[in-house]
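Knowing the structure of chain A, use the given hints to seat chain B on it.
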Amino acid sequence: MSDYRDPAVIITVAGLSCAAITAFLGFFQAPLVNPDSWNAPEAYRILYWHVPFAWSSFLSFTILFAGAVSWYAKRSERGWSMVVIGSELGLLFGSGVIISGPIWGSAEWGVPWDWGDVRLNTYALLTLVALFLVMSLRSQPDGEETRDTLAAVGLFGFILVPITAAATTIWRNRHPGVIFRESEETGEVPVDPEILQVMVFGTFSFMILFIGLVLLNYSIYNLRAELESLNREIDKEMTN
Amino acid sequence: MRVPCRYNMSIPPLAQAKGIDVHRGPSKVLEGASVSLGAGEVVSVMGENGSGKTTLIEAFAGILPLRSGEIIWNGGDQSILVRDSDGRRNPPPPMGLTLQKGGICGDETVSERLAISLSVAGISSREEQVLDLLGHWGLRHRSKDRVSHLSGGLRRRLSILCGLAPAALSQTPMVVLLDEPSEGLDDTAKETLKGWLRALSSRGHGILVATHDKELSSCADRILTIEDKFLSETSGESSGEPSELSFSAQSSEQSPISSLIRWSTRMEIRNPIETVGRATPAIVAILLSYALVMDFDLQTHDSRLLAALVLAPAFIASISTPALVSRLSESDCGRWWDAVAGPMARPAFTITGASMILPIPVTYLSWFVLSGSVDDQVSSEVLRWLWIPALAMVDLAIASTALHLLVSNLSRSSAAPAPLLLVVMVWPFLELTDALSSIIDNGMSWGLSIHEPLVTCIVASIISALVWLSAVMIPDY
Numbered sequence: 207m208s209d210y211r212d213p214a215v216i217i218t219v220a221g222l223s224c225a226a227i228t229a230f231l232g233f234f235q236a237p238l239v240n241p242d243s244w245n246a247p248e249a250y251r252i253l254y255w256h257v258p259f260a261w262s263s264f265l266s267f268t269i270l271f272a273g274a275v276s277w278y279a280k281r282s283e284r285g286w287s288m289v290v291i292g293s294e295l296g297l298l299f300g301s302g303v304i305i306s307g308p309i310w311g312s313a314e315w316g317v318p319w320d321w322g323d324v325r326l327n328t329y330a331l332l333t334l335v336a337l338f339l340v341m342s343l344r345s346q347p348d349g350e351e352t353r354d355t356l357a358a359v360g361l362f363g364f365i366l367v368p369i370t371a372a373a374t375t376i377w378r379n380r381h382p383g384v385i386f387r388e389s390e391e392t393g394e395v396p397v398d399p400e401i402l403q404v405m406v407f408g409t410f411s412f413m414i415l416f417i418g419l420v421l422l423n424y425s426i427y428n429l430r431a432e433l434e435s436l437n438r439e440i441d442k443e444m445t446n
Numbered sequence: 422m423r424v425p426c427r428y429n430m431s432i433p434p435l436a437q438a439k440g441i442d443v444h445r446g447p448s449k450v451l452e453g454a455s456v457s458l459g460a461g462e463v464v465s466v467m468g469e470n471g472s473g474k475t476t477l478i479e480a481f482a483g484i485l486p487l488r489s490g491e492i493i494w495n496g497g498d499q500s501i502l503v504r505d506s507d508g509r510r511n512p513p514p515p516m517g518l519t520l521q522k523g524g525i526c527g528d529e530t531v532s533e534r535l536a537i538s539l540s541v542a543g544i545s546s547r548e549e550q551v552l553d554l555l556g557h558w559g560l561r562h563r564s565k566d567r568v569s570h571l572s573g574g575l576r577r578r579l580s581i582l583c584g585l586a587p588a589a590l591s592q593t594p595m596v597v598l599l600d601e602p603s604e605g606l607d608d609t610a611k612e613t614l615k616g617w618l619r620a621l622s623s624r625g626h627g628i629l630v631a632t633h634d635k636e637l638s639s640c641a642d643r644i645l646t647i648e649d650k651f652l653s654e655t656s657g658e659s660s661g662e663p664s665e666l667s668f669s670a671q672s673s674e675q676s677p678i679s680s681l682i683r684w685s686t687r688m689e690i691r692n693p694i695e696t697v698g699r700a701t702p703a704i705v706a707i708l709l710s711y712a713l714v715m716d717f718d719l720q721t722h723d724s725r726l727l728a729a730l731v732l733a734p735a736f737i738a739s740i741s742t743p744a745l746v747s748r749l750s751e752s753d754c755g756r757w758w759d760a761v762a763g764p765m766a767r768p769a770f771t772i773t774g775a776s777m778i779l780p781i782p783v784t785y786l787s788w789f790v791l792s793g794s795v796d797d798q799v800s801s802e803v804l805r806w807l808w809i810p811a812l813a814m815v816d817l818a819i820a821s822t823a824l825h826l827l828v829s830n831l832s833r834s835s836a837a838p839a840p841l842l843l844v845v846m847v848w849p850f851l852e853l854t855d856a857l858s859s860i861i862d863n864g865m866s867w868g869l870s871i872h873e874p875l876v877t878c879i880v881a882s883i884i885s886a887l888v889w890l891s892a893v894m895i896p897d898y
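So the protein sequences, as listed, match chains A and B. The first sequence begins at 207 in this note's numbering and counts up by one. The second sequence begins at 422 in this note's numbering and counts up by one.
Hints in this document: simulated from the structure, not taken from any laboratory. There could be a bad hint or two in this list.
[As the list claims (entries may be wrong)] SDA-like cross-link-like pairs, simulated, lysine to any residue; straight-line CA separation at most 20 Å: (1) Lys635/B to Glu648/B; (2) Lys449/B to Pro434/B; (3) Lys650/B to Gly496/B; (4) Lys442/A to Glu469/B; (5) Lys650/B to Glu439/A; (6) Lys650/B to Ala220/A; (7) Lys565/B to Leu575/B; (8) Lys522/B to Ser603/B; (9) Lys280/A to His444/B; (10) Lys280/A to Asp348/A; (11) Lys280/A to Arg509/B; (12) Lys449/B to Leu433/A; (13) Lys522/B to Trp558/B; (14) Lys449/B to Ser287/A; (15) Lys439/B to Lys522/B; (16) Lys650/B to Asp441/A; (17) Lys449/B to Gly508/B; (18) Lys449/B to Gly418/A; (19) Lys280/A to Ser506/B; (20) Lys522/B to Glu351/A; (21) Lys449/B to Asn423/A; (22) Lys565/B to Arg683/B; (23) Lys280/A to Ala431/A; (24) Lys449/B to Gly461/B; (25) Lys280/A to Gly471/B.
[Stated by the list, open to error] Stretches of chain A that chain B covers, calculated by requiring three or more beta carbons in the stretch to come under 8 Å of a beta carbon on chain B: (26) 255-266; (27) 350-361.
Keep in mind it's a predicted model, so treat the numbers as computed, not measured. We put the beta carbon where it would ideally sit given N, CA and C, even for glycine.
Just chain B, with the same shape it has in the complex:
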């Protein structure tokens, strides 16, 4: 018999959606939906294409804005408000999550991805454990391969394993959210999935699965059906034999944010498109400036022009589109990080995705190339203090990255004219030009009046900080 969805009072809830209204596109997808996910149960969410299954999973994960209602998770002894319609948002407790598109960047290796899924869930894993887990899903021989080299089916297996593994290794009940896990899986992998779902529920974990696969939903204890914005509930068959899972691991103190920073750094070391993509236009700018002004005595003409030319390459490097934007947009990787790391993911990305190292060497290189006509005494004074405006350029780079990430929130971000917003960064750049010009003309001084180079650099940094704050804080409100 089909009844309206209710709370299951017999099982302590691990997570609850209370009266949520969610809009997707111009239409309301869920209206007043209340769902409770208890410890030790598998709940299947069914419905036609576009009915709101993915919306429910993503709302549970806290990555969708709510028109009304709230999402509450129970972590340990306390309730955590993950998201509500007033814009309040907190990081969820450790969980397992598989998004519809997988949420994996192609530059990651198979074992690395699994290890990261475990570490963001607060689980410390050894290499043998990771290989053992991969072996269960027929991925052990691919452990060192990049994800981009996997077939679609293997990639799907990996993303499901990454969603299930944290619960498999966790000693405490955990929420697992799976969106269309059986999509693209062969029969063997489907059987493995069903066995794991039953095994994890028997260990006290709560699993919410969005699927249109009736075979998979047969292993659910409850079935929620979404029809025309509303949820109804039927009891499930709870069929299937649990797999034998004998994993155990130690919990780790590592926060999801530190995992995110390590992930971001590792991706860049493996495929340094960020550095190359920023350094190339900067070096081209230095060479072009040199070719254009090599015969001019810039110091006697106008020190502001010399200062602008010296700082322009670092400025160009700072405002270029960060490679992180494309990494995060690949297979919804950014949404996965947003879900597991919570509201601090965006500020962390603006720092890891910014050009933190380049502005200083590029500015010094630019000075060496363009300062041929400057006398030695002035040059040695500038070289001594050039790091100050170059350092302020790092703030500018972070603010620019925040603007790029703000625009990347749009579903068709490639069609949005992000450079229009970046014009605001011209102001801190002009302040830094003033500061360097002042150092060239009068040497460095530590006075605190308004035209002193130090104060000018601080003003540039404050402007950048304001841009950063606006771009990072407003959208998550």
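The following block holds chain A by itself, in its conformation from the complex:
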């Protein structure tokens, strides 16, 4: 039975609660953006989840990449656990990005998808790589060769996608630029401070959720490994 005092569970629940508060603040408290600059000013509110989803998915893919490198370099169990956790969380948060993105894109651009858009396509492909890994982790027997191949796929996704996407999208790019960077001319952030506050709160909420899910997944990974080890011991006893 689950122990609800486990720090991983507490952090995850706290992260989920804060994410829900972010949604509430985003939809009901944050002011509207300038209607002259945006085609669908109301639709922008989905960005309070979209942007933190993107950040969290980026962190997940970084864990996946670091795990794949570690697996290749040292064949370390910890490295492999990072591949597993990174792909599962990458799928979760990446799905959040590629679901919320087209909803906003439909309203703002009039089209849900742009094949020439660097970030849209990068995240879509990385999410598909994560989906591939998650499905393969469930369907393939665990073993050295399976791990080698799946770690190769993880590296493949991480290394290749930004390069190819950048090469492709020199031609076309519809996605808006970074909107929270300080203006070089005025030195100010060109966003309403209230919007910024909610966005920062949302980012922190998703960071808490991300940390909670990493810890939770790591516990699950260790429990699975323990279960497998116990099963093998029973197998051995049964055959003797």
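Chain B in isolation, oriented as in the chain A frame:
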């Protein structure tokens, strides 16, 4: 008396495993195993089911990743690092190899298979020699039959003969690796096998045999036993009379990779499932596009749509699952090629298994069918330069094949969702669509600015090359 496994210092080693750790599945199968195979000795590897006999044979062949240690073969005057735990890998010297599942594709004929086993070992054989060898194993009358038509026992005989024949015809000492050779053999064939093993060892070849057959292991000079990840060694009986083998052949300069390419081409000519499997969806796509857009004036509407429809059939043909994947998975055929050809086998397969010919005729056919509404001047300009995007589609096909082969590495590859990875190929396809659209609108130009069709095609090829490199190079690291 049973002692820990050691190097046999009295016999010059042909191959050595030095302190190898090998994992199979989640568990460690071999730990710190050091084995030396000397010239002129038969070494038997014994142990219970799942103890690691096959793992040791496959590790020796260099087809298993090592957690620690290295595999070194001596070919001629030099030592060759076949594989080590840092991921370094080199092709082994010529050898004889029989895998547990045989490693033979069912489309091969009996004599062809034997000839290929000899040619990858650098031995040039004549037809009479091949028939003579088959005669020793009661397979001469089946020489022209496809392997798929043989019974299980005859198939096993053939795979053993393919493992032994290179040594039987070789003038220089050679390593022979046999995995459970007596499995499925009748008594007569077992006697033949024992006689050949003694004969080959007397000619200076080193033979490593994984078996649980005590009768077969009686002809070994040394017996290695694997128990709970560790190896121990006892001396063998070296029993059995050597068969009389009086074969000789000339060495050939042909590399295993050229044998692999010829094999792959021959399989496709004999059973063209690759071509049919790719051409059928491409033609269906052309006909469907024609049925859907026959009443539209595509050129005036949007040349990008016309370009996409023209290139889509070749794209579909290029990303279809290559038939080579199923050929290689049959009876561990791919693993056999991986062992004998070494690390270059995978890149070679991505090229031989790709649709190299189809994209160009399919693209032209697609243009002829769909360009009815395009005026003659534009059409003649496009026809003149359509080969450029079609040629770049060949690169895309090679990259797609590399992705399919990457996924086929998984032990249950049919359960892995390979199409998810193929989505990356949409990008080069879109680049090619842009290039063709530009040719339709403005004609071909040779400018080197970023929107010119030539540069766009080059970018598509570069993206495909990157995909290919990632899929081919990373897994073998």
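Results for each hint:
1. Lys635/B to Glu648/B: Holds, at roughly 16 Å.
2. Lys449/B to Pro434/B: 26 Å, violated
3. Lys650/B to Gly496/B: Not satisfied, since the Cα-Cα distance of roughly 29 Å exceeds 20 Å.
4. Lys442/A to Glu469/B: It holds: about 13 Å lies between the C-alpha atoms, which stays within 20 Å.
5. Lys650/B to Glu439/A: 15 Å, holds
6. Lys650/B to Ala220/A: 47 Å, violated
7. Lys565/B to Leu575/B: 14 Å, holds
8. Lys522/B to Ser603/B: Answer holds: Lys522/B to Ser603/B is near 12 Å, not above 20 Å.
9. Lys280/A to His444/B: With Cα atoms ~14 Å apart, Lys280/A and His444/B stay inside 20 Å; holds.
10. Lys280/A to Asp348/A: 18 Å, holds
11. Lys280/A to Arg509/B: Holds. Lys280/A to Arg509/B sits at ~14 Å (cutoff 20 Å).
12. Lys449/B to Leu433/A: OK: Lys449/B and Leu433/A at ~17 Å, within 20 Å.
13. Lys522/B to Trp558/B: The hint holds at about 19 Å.
14. Lys449/B to Ser287/A: 18 Å, holds
15. Lys439/B to Lys522/B: 26 Å, violated
16. Lys650/B to Asp441/A: Judged against 20 Å, a Cα distance of about 17 Å means the pair holds.
17. Lys449/B to Gly508/B: 18 Å, holds
18. Lys449/B to Gly418/A: 33 Å, violated
19. Lys280/A to Ser506/B: Given pair Lys280/A, Ser506/B holds - Cα atoms ~10 Å apart, limit 20 Å.
20. Lys522/B to Glu351/A: Judged against 20 Å, a Cα distance of about 18 Å means the pair holds.
21. Lys449/B to Asn423/A: 25 Å, violated
22. Lys565/B to Arg683/B: Within the cut-off at roughly 18 Å; holds.
23. Lys280/A to Ala431/A: 19 Å, holds
24. Lys449/B to Gly461/B: 31 Å, violated
25. Lys280/A to Gly471/B: 26 Å, violated
26. 255-266: violated (count 0)
27. 350-361: holds (count 9)
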